[in-house]
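One line per chain: the protein sequences are A and B, in this order.
Letter by letter, the first sequence follows residues 1 to 491 in full-length UniProt numbering.
Letter by letter, the second sequence follows residues 1 to 516 in full-length UniProt numbering.
Errors might be hidden in some of the hints.
Claimed, not checked - List of simulated lysine-lysine pairs, PhoX-like, C-alpha gap at most 25 Å:
#: 1; chain 1: A; residue 1: LYS78; chain 2: B; residue 2: LYS403
#: 2; chain 1: A; residue 1: LYS470; chain 2: A; residue 2: LYS425
#: 3; chain 1: A; residue 1: LYS456; chain 2: A; residue 2: LYS469
#: 4; chain 1: B; residue 1: LYS303; chain 2: B; residue 2: LYS260
#: 5; chain 1: A; residue 1: LYS78; chain 2: B; residue 2: LYS406
#: 6; chain 1: A; residue 1: LYS64; chain 2: A; residue 2: LYS31
#: 7; chain 1: A; residue 1: LYS370; chain 2: A; residue 2: LYS413
#: 8; chain 1: A; residue 1: LYS82; chain 2: B; residue 2: LYS382
#: 9; chain 1: B; residue 1: LYS260; chain 2: A; residue 2: LYS82
#: 10; chain 1: B; residue 1: LYS403; chain 2: B; residue 2: LYS303
#: 11; chain 1: A; residue 1: LYS135; chain 2: A; residue 2: LYS116
#: 12; chain 1: A; residue 1: LYS82; chain 2: B; residue 2: LYS406
#: 13; chain 1: A; residue 1: LYS120; chain 2: A; residue 2: LYS82
Worth flagging that the hints you see were computed from the coordinates, not collected in a lab.
As a plain string of letters, each chain reads:
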Amino acid sequence: MSEQPYTTVIGLEVHVQLSTESKLFCRCNTKFGAEPNTQTCPVCIGMPGSLPVMNRRAYELSLKTAVALNCTIPEFTKWDRKQYYYPDLPKGYQISQFDLPMSADGYLEISDPKDKFAPKRVGIIRAHLEEDAGKSVHDEAAGKADSEIDLNRTGTPLLEIVSQPDMRSAAEAKAFLQELKLLLTYIDVSDCNMQEGSLRVDANVNLHIEKDGKVIATPIVEIKNMNSFRAVERALEYEAPRQYREWQETGRQLGEAPKQTRGWDDVAGVTRGQRSKEESSDYRYFPDPDLAPVITSAAEVDVVRESLGELPADLRRRLSEGYSLSLYDADVIVNQGREFADYYLAVAGASGNPKSACNWVTGPLQRELKEREQTIDSFGLPAQRLAELIRAVDDGRLPSTRAPEAFQLMVDKGSDVAAALAELKIERVDETALVTLVQELLAANPKTVSDIQNGKFQAAASLIGQAKKKNPNVDPNRVRELAIELATSLQ
Amino acid sequence: MSIVDRSATELRKLLATGELTSIELTRACLERIERHDATIGAFLRVDAARALDQAAAIDRRRQAGEPLGPLAGLPVAVKDVLCDRDTITSCASRMLAEFRSPYDSTVVGKLKQADAVLIGRTNMDEFAMGGSTENSAFQPTRNPWDPTRTPGGSSGGSAAAVAARMAPLAIGTDTGGSIRQPAGLCGIVGMKPTYGRVSRFGLVAFASSLDQVGPFATTTEDAALLLEAISGHDPRDSTSINQPTPRYTESINKPLAGLKLGVVPEHFGAGLDPEVASSVRAAIEVYKSLGAEVKEVPLPHGKYGVAAYYVIAPSEASSNLARYDGVHFGFRADQSAALAELAAERQELIAAGKTAAADNVDAPLVRMYRSTREAGFGAEVKRRIMLGAYALSAGYYDAYYLKALKVRRLIRRDFDEAFQQVDLIVGPVTAGPAFKLGEMVDDPLAMYLVDLYTVSANLAGIPALSLPCGVTKAGLPIGLQLQAPPLAEERLLRGARMYEAATDWHTQRPSLGGAR
Ligand SMILES: [Zn+2]
Numbered sequence: 001m002s003e004q005p006y007t008t009v010i011g012l013e014v015h016v017q018l019s020t021e022s023k024l025f026c027r028c029n030t031k032f033g034a035e036p037n038t039q040t041c042p043v044c045i046g047m048p049g050s051l052p053v054m055n056r057r058a059y060e061l062s063l064k065t066a067v068a069l070n071c072t073i074p075e076f077t078k079w080d081r082k083q084y085y086y087p088d089l090p091k092g093y094q095i096s097q098f099d100l101p102m103s104a105d106g107y108l109e110i111s112d113p114k115d116k117f118a119p120k121r122v123g124i125i126r127a128h129l130e131e132d133a134g135k136s137v138h139d140e141a142a143g144k145a146d147s148e149i150d151l152n153r154t155g156t157p158l159l160e161i162v163s164q165p166d167m168r169s170a171a172e173a174k175a176f177l178q179e180l181k182l183l184l185t186y187i188d189v190s191d192c193n194m195q196e197g198s199l200r201v202d203a204n205v206n207l208h209i210e211k212d213g214k215v216i217a218t219p220i221v222e223i224k225n226m227n228s229f230r231a232v233e234r235a236l237e238y239e240a241p242r243q244y245r246e247w248q249e250t251g252r253q254l255g256e257a258p259k260q261t262r263g264w265d266d267v268a269g270v271t272r273g274q275r276s277k278e279e280s281s282d283y284r285y286f287p288d289p290d291l292a293p294v295i296t297s298a299a300e301v302d303v304v305r306e307s308l309g310e311l312p313a314d315l316r317r318r319l320s321e322g323y324s325l326s327l328y329d330a331d332v333i334v335n336q337g338r339e340f341a342d343y344y345l346a347v348a349g350a351s352g353n354p355k356s357a358c359n360w361v362t363g364p365l366q367r368e369l370k371e372r373e374q375t376i377d378s379f380g381l382p383a384q385r386l387a388e389l390i391r392a393v394d395d396g397r398l399p400s401t402r403a404p405e406a407f408q409l410m411v412d413k414g415s416d417v418a419a420a421l422a423e424l425k426i427e428r429v430d431e432t433a434l435v436t437l438v439q440e441l442l443a444a445n446p447k448t449v450s451d452i453q454n455g456k457f458q459a460a461a462s463l464i465g466q467a468k469k470k471n472p473n474v475d476p477n478r479v480r481e482l483a484i485e486l487a488t489s490l491q
Numbered sequence: 001m002s003i004v005d006r007s008a009t010e011l012r013k014l015l016a017t018g019e020l021t022s023i024e025l026t027r028a029c030l031e032r033i034e035r036h037d038a039t040i041g042a043f044l045r046v047d048a049a050r051a052l053d054q055a056a057a058i059d060r061r062r063q064a065g066e067p068l069g070p071l072a073g074l075p076v077a078v079k080d081v082l083c084d085r086d087t088i089t090s091c092a093s094r095m096l097a098e099f100r101s102p103y104d105s106t107v108v109g110k111l112k113q114a115d116a117v118l119i120g121r122t123n124m125d126e127f128a129m130g131g132s133t134e135n136s137a138f139q140p141t142r143n144p145w146d147p148t149r150t151p152g153g154s155s156g157g158s159a160a161a162v163a164a165r166m167a168p169l170a171i172g173t174d175t176g177g178s179i180r181q182p183a184g185l186c187g188i189v190g191m192k193p194t195y196g197r198v199s200r201f202g203l204v205a206f207a208s209s210l211d212q213v214g215p216f217a218t219t220t221e222d223a224a225l226l227l228e229a230i231s232g233h234d235p236r237d238s239t240s241i242n243q244p245t246p247r248y249t250e251s252i253n254k255p256l257a258g259l260k261l262g263v264v265p266e267h268f269g270a271g272l273d274p275e276v277a278s279s280v281r282a283a284i285e286v287y288k289s290l291g292a293e294v295k296e297v298p299l300p301h302g303k304y305g306v307a308a309y310y311v312i313a314p315s316e317a318s319s320n321l322a323r324y325d326g327v328h329f330g331f332r333a334d335q336s337a338a339l340a341e342l343a344a345e346r347q348e349l350i351a352a353g354k355t356a357a358a359d360n361v362d363a364p365l366v367r368m369y370r371s372t373r374e375a376g377f378g379a380e381v382k383r384r385i386m387l388g389a390y391a392l393s394a395g396y397y398d399a400y401y402l403k404a405l406k407v408r409r410l411i412r413r414d415f416d417e418a419f420q421q422v423d424l425i426v427g428p429v430t431a432g433p434a435f436k437l438g439e440m441v442d443d444p445l446a447m448y449l450v451d452l453y454t455v456s457a458n459l460a461g462i463p464a465l466s467l468p469c470g471v472t473k474a475g476l477p478i479g480l481q482l483q484a485p486p487l488a489e490e491r492l493l494r495g496a497r498m499y500e501a502a503t504d505w506h507t508q509r510p511s512l513g514g515a516r
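Working from the sequences, and respecting the hints, build out all of it.
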């Protein structure tokens, strides 16, 4: 990054659909994927005479999110009408929050386990609640063809989270989104499903270019149509050098050109200029006279704060401090989501070996999940079974070399440790029997004996394979130890 | 005395004792409509068959001894702005000429629950914008006292229907005086309750923070009866007040002991018709004779009320009416005509070599919005949408909308202070009696000033009532306005009833061209 002659400045606007059963101002269902216009009522399609009534649950979820994002919660918040004409907006206005949002001035901490950037705090300017618009199915640009509108989504509660322009790279922006998504899923306020539109991201980007000891800011560009975190990362990686080239050509600085909107084309891998309908819009915001302001006391905020439970950052700290895991391992476990972390905690607790539990869940277990395209809550191996397996290794009933076989069997057949040991015919090898076995091998391999006696201890390894052939349950390390011990004592 | 001349309270007793059936009463009202409404034009639609069916059903239930609602068998006319499930609610606009709501407004639902007979839908100024009912897209309504004059507005149809005894009761809405002013001009009782006392659910919005539903009747007792039936908290309206509804009908005949009455000096300034002034002063004397103490109270910001109102109401209206764009419901202008027009415009510009201008003609969607709103709304509605959109625009918002909100708070404070000293405020409801139809249609500003005495109650959210207090030499009724603190409807009705019981202005009725 140091070789770049500029710094990329990124702020994100994230729309999160809150997991409520019903819409923000009526009781219609919010479930994704229903037949068009089957989840509507007079209120959400704005029929004459209908009136909105706030869904208390949606407000509670937004409050929870705002508190988790360390925001200040003002005592008074209100609803405003954002007015514009569009066919998917049946009332001619969107109920949103303008000058007095329900929360402001928060932050989210981000870091990278591989240290691609230094840990930092990204400021949250505000988070406010608003209703979603509908969906135009046909583009009106299609000419005379009839456009179709689906109003199922109209009125769905959205929390708009606006960050400070605190991110300096695509990696930081991606980390912010991942951490935000993780936080929202930990506190259970949204499923954050980007494919279903439960999480939408717009990015504001410009460059700070150092020239002749002065910092020049380039015009801000808003990027839309990014449908995955990967797309956000790619779009930002594309956009920064594009803006630099543009600046080299035009020399235009911030304030010398209007804010531009560009759309990300995921297939072509480029951003393209869009004719923005918002550019010169005056939304004629004013307080919605159909809705009462919302008053939230400090005591209510405290109750919400206490109900949050452990947030991802807290859990990472607990894992590294209380369970002696590396920051990297703690990160891997926490980032898999609340259920995965709970699974780990259960294995670690029941096995009494947090380190080994970590190796199992981040290694073989994660690989299994990936192969089977499963999530932890539907995985066939309960945490208690994996803990038993770890205990079996630790108390010597199961040689560590054969543990992967046992694990596989337990996963595939749903068996417990005892059954797996029986099926694999794994039993503890008696020490005297093992001594006898090694003595026989040494007698049959005089070359190996003399090598060992001459200090070439690695020669003992050649006996391991032969020992395993005679008894697959032998512990290879013990075989090696005994071979060296016995050969030297023959001197 | 004909049946239709009786008050709702009297009719209720006759129905209860079986001396009268709802069918007979409903028929009498329908005959009255049949005979006079071609001249008056109070109703936009009368569904005689439905009304008679409802009446018959109520009569049957009464005979079977079933419990009945408080308005059982009484015909009620409803302003065409409150949704009545599966029937048309036009708001006297071409835009909603065919609009049928799939739901009942809370008020219509309560009327049905109270076993009222819904006799018809009354005319109004389009979307309740106006003070003469001349802004109806369909027909004018005439004053039953003088058909060359206006009944007032915007609830002119409801007021005229009750004044002409076509229905004993009617529902209106009052955003800046739209119940009280027509009640005053038609010589009947009309009341605007406290904002939030009656649910607005299903009331097609004009200005949401000001709109309130209320009763029309020939007596204060009847107004109390109807108000009691339609009031109450409604979880579907977030601005509805969660307070129990007092039994107005039980207390109305108890005079207010030690009544302190406020008189506002500013109400008697220039512009007040001398006949109105002397009738109002005479009414104040009546109160004195009844033992009331009369005191002057200033309402210093009242003079800014009309200005503030004509910023706030159009601002809200411009937003509330944005939904009528031809996309989801209501009228849509003929699109093949609009598209052909668009193509012709483009051709013309291209032929004239103005290619840049040709590229800038409306997109088809924009032209659809434009042609729909152009043809669907009348002139006054368009005027107010423009006023409101302007007042809310960036750069003007603070100077107009925010300033108007400040005035609104000051007006409310004036009232709060006045009601520390007095129980009720008494004064004129209009500056003069009913004006001639067409007299002010070309002078919107003069028309706006008609609301001078009434808008303050809407801005402050307080209850207010108009009742008859005189008749001019030319034979036109004069109204008296009483205003009360928030939620003091009971006091307001009892105070009005005191005056009514001591006078007989409420017994005067229009001759309707000599016909009975
Ligand atoms: Zn709905």
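So, going through the hints one by one against the coordinates:
no.	hint	verdict
1	A:LYS78 to B:LYS403	holds (19 Å)
2	A:LYS470 to A:LYS425	holds (14 Å)
3	A:LYS456 to A:LYS469	holds (23 Å)
4	B:LYS303 to B:LYS260	holds (24 Å)
5	A:LYS78 to B:LYS406	holds (18 Å)
6	A:LYS64 to A:LYS31	holds (21 Å)
7	A:LYS370 to A:LYS413	holds (18 Å)
8	A:LYS82 to B:LYS382	holds (21 Å)
9	B:LYS260 to A:LYS82	violated (46 Å)
10	B:LYS403 to B:LYS303	holds (15 Å)
11	A:LYS135 to A:LYS116	violated (39 Å)
12	A:LYS82 to B:LYS406	holds (22 Å)
13	A:LYS120 to A:LYS82	violated (34 Å)
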